[in-house]
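Student: With the hints as your guide, set chain B onto chain A.
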Amino acid sequence: MKNINKIQTGISGLDKMLDGGLIPERPYIISGPPGAGKTTLGMQFLMEGIRKGERVLFIALQEPVNEIKFNMDSLKLNVANIEILDANSDVRRYEPTPVMEISSKSRVQKIKNVQEYIRKTPRFKSTVVSVHSLQTTLKTEFRNTRYGRIVIDSLTALKYFCMSGEEDILLQSFLRFLSESKMTSLLTVETPENYVLSPEMFLARGEIRLHKFRENSRIMRMISVEKFRGSEHDERAYPMEIKKGEGVVVHGVEEKG
Amino acid sequence: MNRVSTGIKGLDDMIRGGLIPKRPYAITGPPGSGKTTLGIHFLMEGIRNEENVVMVALDEPPNEIKFNAQAFGFDLGDIKILDAVPDIKGYRRGSLIKDVGTILDFHTMRDVRDIRMSRSLRIMDVSIHSVQKMLRQDAEDLYEATGEKYSRVVVDSMTALKMFGMKGEDQRILIQSFMRFIAEMEATCLIVSQTPEPDHLDTEVLLARGEIRLHKTKNRGMINRGVSIEKLRGSDFDETIRPIKITSKGIKVQNGETFNG
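Line order of the protein sequences matches chains A and B. All residue numbers for the first sequence refer to this note's numbering, where the first residue is 1 and numbers rise by one. All residue numbers for the second sequence refer to this note's numbering, where the first residue is 1 and numbers rise by one.
Pulled out of the complex, with its shape left as it was, chain A reads as follows (with noise of 0.2 Å):
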């Protein structure tokens, strides 16, 4: 196994849990309640493609971009190169009106250039995000650049959002969709309070789980590799915090003799 090309993921203790870093070409989910530093890691793993001379795309589904990027910057993260796509559906119309695909409108633009303010729904059309919408997007943005590394935020929007019925096949057909592209992808998983298996996890080829729950009232961190494919992983649950310019860092975790 050693004589694969392993790619980083930005954070030195989950690259020693994963026996040196993620398998290339493969998409990975990351799961975790609310609040568990999800989207952080992403950014990490992205920032570390951007360090390698790689294009990277993070594709916001959940939450506007303009937040997005003021959250990074409070969390002291140099996200200014990473590529951005805004996926977020504008408020519905329910009278009958125009309804534009994300397709035909949405651009990808490096994160420094994200405006300050949130994007307004036009007066008389909405632009709504559907997996196909979506899947067309990048189809037409993979041909013209060549991705390194990609994270989408989070695959429970895409889920929730994105379609109606079928999830299970469009999602399958998703991945499969972001397998073919050879690009390495991370998708972020919501997940309840207590953990809930979802048919997701299934399909991806690797699964890093970020944990959050209370002891004595307070908030505790751990994250660990439950599932990694075609490699070995540490098998241990690790504390983990999120810092001010370093995001997520992962403790005790020691290098495999």
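Be careful, since some hints might not be right.
Claimed, not checked - List time: in silico EDC-like cross-link candidates among lysine to aspartate or glutamate, alpha-carbon distance up to 16 Å:
| # | chain 1 | residue 1 | chain 2 | residue 2 |
| --- | --- | --- | --- | --- |
| 1 | A | LYS243 | B | ASP238 |
| 2 | A | LYS16 | A | ASP234 |
| 3 | A | LYS244 | B | ASP236 |
To be clear, the hints were calculated from the coordinates, so they are not data collected in a lab.
Tutor: Positioned in the frame of chain A, the structure of chain B alone reads:
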């Protein structure tokens, strides 16, 4: 970046000064844990700063909210209120159901007296769409009249809106759209909701940029109350559950102590 005070000093201390403005937050907790009271604190703080604030009442009739708040010495007079509590349902065949959005006006709390009576011929119903339409219309009227925007909104509660305001449509998509609408209003918004079930992911909590959770437990006949921050995007926060007391002046956080359930 200026933070927005919640109106409760001890809670502001837990979130490093206040909420990040122009975002929606979830206030969760079991019945009787103080969610509405927290919402009133937040709106009264806006009134003190001469801001425009509005409450969307879906759970309790405004006259009761007003009465209950008097116990804490709050004068709600200047708070705008949208009475979106649905009427008694008419079961007679052919009775006309009107969307609440088409008839009801906004009031200020000052004008709220008695419970609004259901009309005998037309029943008013509430949908997430009508609430959204009214908020939009009212915000536009306010802007035309004064050039100002609403800076604080409380929706009390999303649980009620989900129960009777979203029939036969995809609930998740409706909530996503409503939260987007709220974010585009650029007001700081508190959305009251029941505590999420540990096995379930509530859309409004998923999309909220932060969650303030109220706790209420019984121990040997005594009620214990607490408050915690479950998530807060773009800020660090006090990660311990703190006990709270409900006094004659409202909610008071005991910052130095730990809530033990």
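Student: Sort out whether ASP236 (chain B) lies within 16 Å of LYS244 (chain A), counting only the CA atoms.
Tutor: This hinted pair holds, its Cα atoms lying about 9 Å apart.
Student: Does the structure keep LYS16 (chain A) and ASP234 (chain A) at a Cα separation of 16 Å or less?
Tutor: Holds, because 8 Å separates the two Cα atoms, which is no more than 16 Å.
Student: With the threshold set at 16 Å, check whether the alpha-carbon distance from LYS243 (chain A) to ASP238 (chain B) stays at or below it.
Tutor: holds, 14 Å
Every hint, counting from the list given before, is met by this structure.
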